[in-house]
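A.B. asks: The primary structure of each chain is shown beneath.
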Amino acid sequence: MPDENTISRRGLFMKLGILFNSLVATALAVPILGYVASSILRGRGSYLAWLPLGSVNEFPEGETRLATFRNPNAMPADGKTVDTACWVRRVQGEKFQVFAVNCAHLGCPVRWFPQSGLFMCPCHGGVYYRDGSRASGPPERGLFEYPYKVENGLVTIQAGELFTPGASASLLGKKPPCDA
Amino acid sequence: MRRVIAQIGEWFDYRLKLAAPIEEIAGHRVPRSTASWFYVFGSAALTIFILQIVTGIMLAMIYVPSAAEAWNSLQALNHSVMLGWFVRALHGWGSNFMVAVVLIHMVQVFLFGAYKFPRELTWIVGVFLLLMTLGMAFSGQVLRFDQDAYWGLGIGASIASHVPIIGGAAVKLMLGGPIIAGATLSRFFALHVFVIPGLLILFVSVHLLMVLKLGINEWPMPGRIVRRATYEQEYHELTKKDGAPFVPYAIWKDMFFAAFILLAIAACALYFGPFGPSGVPDPTIIQTVPRPDYFFLWLYALLSLLPPSLETPALLIGPVLAIIGLLLLPFLSGEGEKSWRRRPIAVLTVLLIAVILGTFTRLAGIAPWSPHMNAWSGNPVPERFLRKSTALERQGALVFQSKQCRNCHSLGELGGQRGPALDSVAVRLTQDQLIRQVIQGGGNMPAYGKNLNPAETTALVAFLGTLHPAGQLPARDAALEESQAKHGQP
Numbered sequence: 016m017p018d019e020n021t022i023s024r025r026g027l028f029m030k031l032g033i034l035f036n037s038l039v040a041t042a043l044a045v046p047i048l049g050y051v052a053s054s055i056l057r058g059r060g061s062y063l064a065w066l067p068l069g070s071v072n073e074f075p076e077g078e079t080r081l082a083t084f085r086n087p088n089a090m091p092a093d094g095k096t097v098d099t100a101c102w103v104r105r106v107q108g109e110k111f112q113v114f115a116v117n118c119a120h121l122g123c124p125v126r127w128f129p130q131s132g133l134f135m136c137p138c139h140g141g142v143y144y145r146d147g148s149r150a151s152g153p154p155e156r157g158l159f160e161y162p163y164k165v166e167n168g169l170v171t172i173q174a175g176e177l178f179t180p181g182a183s184a185s186l187l188g189k190k191p192p193c194d195a
Numbered sequence: 086m087r088r089v090i091a092q093i094g095e096w097f098d099y100r101l102k103l104a105a106p107i108e109e110i111a112g113h114r115v116p117r118s119t120a121s122w123f124y125v126f127g128s129a130a131l132t133i134f135i136l137q138i139v140t141g142i143m144l145a146m147i148y149v150p151s152a153a154e155a156w157n158s159l160q161a162l163n164h165s166v167m168l169g170w171f172v173r174a175l176h177g178w179g180s181n182f183m184v185a186v187v188l189i190h191m192v193q194v195f196l197f198g199a200y201k202f203p204r205e206l207t208w209i210v211g212v213f214l215l216l217m218t219l220g221m222a223f224s225g226q227v228l229r230f231d232q233d234a235y236w237g238l239g240i241g242a243s244i245a246s247h248v249p250i251i252g253g254a255a256v257k258l259m260l261g262g263p264i265i266a267g268a269t270l271s272r273f274f275a276l277h278v279f280v281i282p283g284l285l286i287l288f289v290s291v292h293l294l295m296v297l298k299l300g301i302n303e304w305p306m307p308g309r310i311v312r313r314a315t316y317e318q319e320y321h322e323l324t325k326k327d328g329a330p331f332v333p334y335a336i337w338k339d340m341f342f343a344a345f346i347l348l349a350i351a352a353c354a355l356y357f358g359p360f361g362p363s364g365v366p367d368p369t370i371i372q373t374v375p376r377p378d379y380f381f382l383w384l385y386a387l388l389s390l391l392p393p394s395l396e397t398p399a400l401l402i403g404p405v406l407a408i409i410g411l412l413l414l415p416f417l418s419g420e421g422e423k424s425w426r427r428r429p430i431a432v433l434t435v436l437l438i439a440v441i442l443g444t445f446t447r448l449a450g451i452a453p454w455s456p457h458m459n460a461w462s463g464n465p466v467p468e469r470f471l472r473k474s475t476a477l478e479r480q481g482a483l484v485f486q487s488k489q490c491r492n493c494h495s496l497g498e499l500g501g502q503r504g505p506a507l508d509s510v511a512v513r514l515t516q517d518q519l520i521r522q523v524i525q526g527g528g529n530m531p532a533y534g535k536n537l538n539p540a541e542t543t544a545l546v547a548f549l550g551t552l553h554p555a556g557q558l559p560a561r562d563a564a565l566e567e568s569q570a571k572h573g574q575p
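So the protein sequences, as listed, match chains A and B. Here my numbering is used: position 120 in the first sequence is 135, and no number is missing along the way. Here my numbering is used: position 364 in the second sequence is 449, and no number is missing along the way.
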């Protein structure tokens, strides 16, 4: 038995073996963790894009219509999931509001009722006015709005990200303007 | 013949050396009191888990984990592949039964004080097993890639986004990208098929090993107190004095119950068939009313009933506190009385939680908070409300329907229940109050001021004013009448 302060040849090699393995494991962990976190680390610029919804004339003034667009970066395995709907409200002339269909409460698809001028959510009963502001129910804010611009007679929105009511949404979603 | 089999057996055991440990496990002595029908839920959960593994592997032979193909492959399983519907139904019903049996097992363990010394770690591992079971239930619902799954993911992402600071990153990690798409389904497939089952097998093994090493919890007797210093000796004496070998003394009840549960799952599968899939997961189809599977219905109710300001803290802090509470339980009451007869608070806690979960689940079945999206066009105003009514009042009934009031307010039991039923609203509100409520909203009702012209409002209020039971007068403003009488106004 060697005493406590000496180390045997084999004991040293075992410790070196542990050290060697730890180094290799660390070196491998970096790319593996990078792969796992790739969806987080990807910059927003890499997936947000300006997408045309259609000609201005397709949206009558004062009305709200459903429009669909295909998300940028669609992959073959995505199937239908990359087709997204949004509510387009042509306020007047080239002034638009483009709302996400996702309720600002938990993301269920809201439906537009032109007769009463309200968006209603089928899940927990969130209701919004025609300008997207919150009318009643559990949502804490108005509907999410896509940034839009009108170019060459086309309504174009910046999209590519799911709106969620927490931190990520506030970066993109402008507060709906108040009509009153 | 028998000798040949024995020889083959010996040949294998000479190399495997498994007969002795198996005999030891089978013959280990358990307290006679544990050969009870109350002690069968753990083994039943294990049996269902094995069923889930077997049926899961079978489904994976046909299922395509791609957002483009998953729904079609489920249709193929339901309609084209021979008995595919039955395997899907077994797996779906198996998951429902597994959540239920795991919960019953947990309640039994809690009420019988089985989490106390020295079985604290068995309980803690069990808490993780419960969480993994729920994780399997949710990820399994995602793999049934239909409309409910798609919007359910959106709800999950919305909840995750509320986590402070890392909310945005958590959403992207969960979805595998900025939107719900192919990568989302693939990662839930990896979780459901590899990650969580692997962990489950590991944790179930540790859980079982501890049950064997520490011995199964004896039937709790009121007044028999657990003390760290003496418990293990007492347990040892109990199994010696009043014990019996696990096989066959106790195991036959486990076997009967396991077979009964499997039969029940098969019967449900045969009778009710597989779950879904509901509509195609196409996010441009917004005419959908997403609903969670039954084990998350209570959460659905909670999310509707909490006031908005409390929702985020309750969602983020509630589960953390609940899990910490469950994990700390064996440390907070690791000793003392085991019997439920002497633990009134424990019994009341279980009853309270059961009543809350039961009520919320029941409420979520009715979902009174959801507007009925088609009531305005689908449910006509009952005839009795229109008898003897004037032209103005009938016009008001039209306004009532066409402005979607019916989506939230019922008449004659039909329509939404988000707002109060209006069958006798005229008894509760005077004409002025009705006008104010319609124009300004309030009390969780939108203001209709901008969406009704004065003529429509007049007609609507005239109609609402007729809604009172026969023989009961509508509400009137006594002060107004008084002042009108005094000043001689009409």
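Some hints could be false.
Here are some chain B residues the structure puts well away from chain A; computed CB gaps all over 12 Å [as the list claims (entries may be wrong)]:
1) Phe97
2) Leu219
3) Ile251
To give an idea of the interface, some chain B residues facing chain A are shown, with a C-beta separation under 7 Å as derived from the structure [stated by the list, open to error]:
4) Trp236
5) Gly252
6) Ala254
7) Ile265
8) Pro393
9) Leu395
10) Ala399
11) Gly403
12) Leu406
13) Ile409
14) Gln489
15) Gly534
In silico contact screen, one side only, chain A against chain B (beta carbon under 7 Å); selected entries [what the hints assert, rightly or not]:
16) Asn86
17) Ala92
18) Thr99
19) Gly108
20) Leu121
21) Pro124
22) Gln130
23) Gly132
24) Met135
25) Ala150
FYI, nobody ran anything at the bench for these hints, they're computed from the structure. Ideal Cβ placement from N, Cα and C applies to all residues, glycine included.
A.B. asks: Among the hints numbered above, which are violated by the structure, and what are their numbers in rising order?
C.D. replies: Violated hints: 3, 9, 10, 11, 12, 13, 15, 19; rest satisfied.
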